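Asks: Chain by chain, the residues run as shown.
2 protein chains.
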Amino acid sequence: MAIVECVPNISEGRRPRIVREIARAVERTKGVRLLDYSSDVDHNRSVFTFAGPPAAVARAAIALADASIARIDMRSHQGAHPRIGAVDVIPFVPISGVSMADCVSLAKKVAQALARKHKLPVYLYAKAASRPERVRLPDIRKPQYEGLAALIEGDWKPDFGPSLVHPRAGAIVVGARPPLIAFNMNLRSNDLALARRIAKEIRESSGGMPAVQAMGVQLGDGRAQVSMNLLDYTVTPLSVLWDAVESRARAAGVEVDEGELIGLMPLDAALEVAGSKLRLRQLERTRVIEGHFLE
Amino acid sequence: MAIVECVPNISEGRRPRIVREIARAVERTKGVRLLDYSSDVDHNRSVFTFAGPPAAVARAAIALADASIARIDMRSHQGAHPRIGAVDVIPFVPISGVSMADCVSLAKKVAQALARKHKLPVYLYAKAASRPERVRLPDIRKPQYEGLAALIEGDWKPDFGPSLVHPRAGAIVVGARPPLIAFNMNLRSNDLALARRIAKEIRESSGGMPAVQAMGVQLGDGRAQVSMNLLDYTVTPLSVLWDAVESRARAAGVEVDEGELIGLMPLDAALEVAGSKLRLRQLERTRVIEGHFLE
Chain B
1 MAIVECVPNI SEGRRPRIVR EIARAVERTK GVRLLDYSSD VDHNRSVFTF AGPPAAVARA
61 AIALADASIA RIDMRSHQGA HPRIGAVDVI PFVPISGVSM ADCVSLAKKV AQALARKHKL
121 PVYLYAKAAS RPERVRLPDI RKPQYEGLAA LIEGDWKPDF GPSLVHPRAG AIVVGARPPL
181 IAFNMNLRSN DLALARRIAK EIRESSGGMP AVQAMGVQLG DGRAQVSMNL LDYTVTPLSV
241 LWDAVESRAR AAGVEVDEGE LIGLMPLDAA LEVAGSKLRL RQLERTRVIE GHFLE
Chain S
1001 MAIVECVPNI SEGRRPRIVR EIARAVERTK GVRLLDYSSD VDHNRSVFTF AGPPAAVARA
1061 AIALADASIA RIDMRSHQGA HPRIGAVDVI PFVPISGVSM ADCVSLAKKV AQALARKHKL
1121 PVYLYAKAAS RPERVRLPDI RKPQYEGLAA LIEGDWKPDF GPSLVHPRAG AIVVGARPPL
1181 IAFNMNLRSN DLALARRIAK EIRESSGGMP AVQAMGVQLG DGRAQVSMNL LDYTVTPLSV
1241 LWDAVESRAR AAGVEVDEGE LIGLMPLDAA LEVAGSKLRL RQLERTRVIE GHFLE
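Chains as they are written, first to last, in this note's numbering: chain B, 1 to 295; chain S, 1001 to 1295.
Only chain B is shown next, with the shape it has when bound in the complex (with noise of 0.2 Å):
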């Protein structure tokens, strides 16, 4: 059986009822499985996770997309986490039987019509990506919601719909991509400037570990927080990462409160924490029961 699984993160975090009414568009959609959706209230942002058919799972993200473009408006958007529209992000994720080649037409596919239909800016990233400078999301979102007007007439002209920022809704960005697993580790300190420089020291854009996206936050209750998209866990392992973090907070005498999964993980992304905890060689699949009877 075919499974892509979708992600989409939308910029509503702080309004449960919306929320839920959103999840609601994705489980109407027949044959698509809505596996999880999650809001963070620092970041004012929600990120769901279904999965399903190729195509039953282009049409929940669609219906996604107009129930979110329908309750969120930009112009009174405030939050933690970097945005440029009420949908930020829909990356198209293989997970069996489906090659990226294939999500990379599916992202485009989706990309196009959501452009025809809301008349926004949609840019293709990731797998998907158009030219090489929209590879990396922090790239293309880097004018932020507020900056786009002043550079899509330039360097930001969208991939699909008008170059013309959508007031309520903004931007979207579409792609295909490997698994990816966000992160957070919530350090027993309020030192923000901590956080900042080991996510600066670890994240890939300034020389650290590849596929690894990071960033100082500060959280609601004062506590400092390294919040990290890990973009490939098989170019960099998750238990690389947490020790990475871990050993620069104890280093400046701070401990890490907590970790936070946002969304799921692949299996083999956990097992390969597993197995770095028991100082296993590798903890394949096949050495859990379970991994036997998956298809």
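Fair warning: there could be bad hints in the mix.
Stated by the list, open to error - Cβ pair distances, simulated, as ranges:
#1 S:E1204 / B:V41: 42 to 50 Å
#2 B:R281 / S:Q1144: 29 to 37 Å
#3 S:E1204 / B:V235: 39 to 47 Å
#4 B:R281 / S:E1204: 23 to 31 Å
#5 B:V235 / S:R1131: 27 to 35 Å
#6 B:R24 / S:D1257: 46 to 54 Å
For the record, the hints were derived by calculation from the structure and aren't laboratory data.
Being a predicted model, the structure only gives us computed values, none of them experimental.
Heads up, the beta-carbon is just placed ideally off N, CA and C, and yes, glycines get one too.
Following the hints, position chain S against chain B.
Replies: What follows is chain S alone, placed relative to chain B:
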């Protein structure tokens, strides 16, 4: 679909050809999947893991016993691990759509069939035990193969079969139990006394942690090992067991070289370890993408 797991241990770990022949007896049984098998030269012992519908698993267990009894002679067996016979122990484990009671009755049927067929003593243990003092495998195995004859007409009267130790095959222990995790921790040290002290401190029988069996062993390369069975990872989590051994070794100035998983572990046990490393309150299988596509 009803799935029972069976994890027999046999007293042969030094002749790979013999072990392969015994594995083939399982593979030839229709409906059963041989998930894993591995041999330990120091223990001179092999463990097989197979699974499938209850009746097929019972047939495979009998086929494995037949093949082992034909090839192993306990009169010349030597190894670091306690054992009572050529087919040392056959546990049935409920995995999916099967109750513990189903596995108990399966164990009794197989025990009776083997006692009749091979005319040897068979003991029931764990959830299938006929008496409280036969619940724990080490208690039943205490006299070992060499000492059983002296006790078999007294407290060691078997549950099935003659009160007469089979010269080549010894006796067999059959039962039903929750998933067991056989896990070793190899110390970066030859200090067998340390491994033994740690084992004593952590095992339930000496007042340590519940559902933990442990002993200190010296490996062929000289390293000291804490060899453990975790009888119920929902009672003592595997990560807690790891930390208990590691902290005691470190207090003695010794690092843990590596962990060693014998056979397989259940998915939820692996996720508990990953969740502890990542300091998540809990890592449920619903947080893993593939968890949603199991059955």
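Asks: Indicate, hint by hint, whether the structure satisfies it.
Replies: These are the hints, each one checked on the structure:
Distance hint check: the CB atoms of E1204 (chain S) and V41 (chain B) are about 44 Å apart, consistent with the given range 42 to 50 Å. A hinted range of 29 to 37 Å holds for the C-beta pair R281 (chain B) and Q1144 (chain S), which are about 33 Å apart. One distance hint, 39 to 47 Å for the beta-carbon pair E1204 (chain S) and V235 (chain B), holds here, with the actual separation near 42 Å. The given range of 23 to 31 Å is respected by R281 (chain B) and E1204 (chain S), whose C-beta atoms sit roughly 29 Å from each other.
Judged by the Cβ atoms, the range 27 to 35 Å given for V235 (chain B) and R1131 (chain S) is violated: they are separated by roughly 56 Å. In this structure the supplied range 46 to 54 Å holds for R24 (chain B) paired with D1257 (chain S), their Cβ-Cβ distance being about 52 Å.
The structure is inconsistent with hint 5 alone, although it conforms to all the rest.
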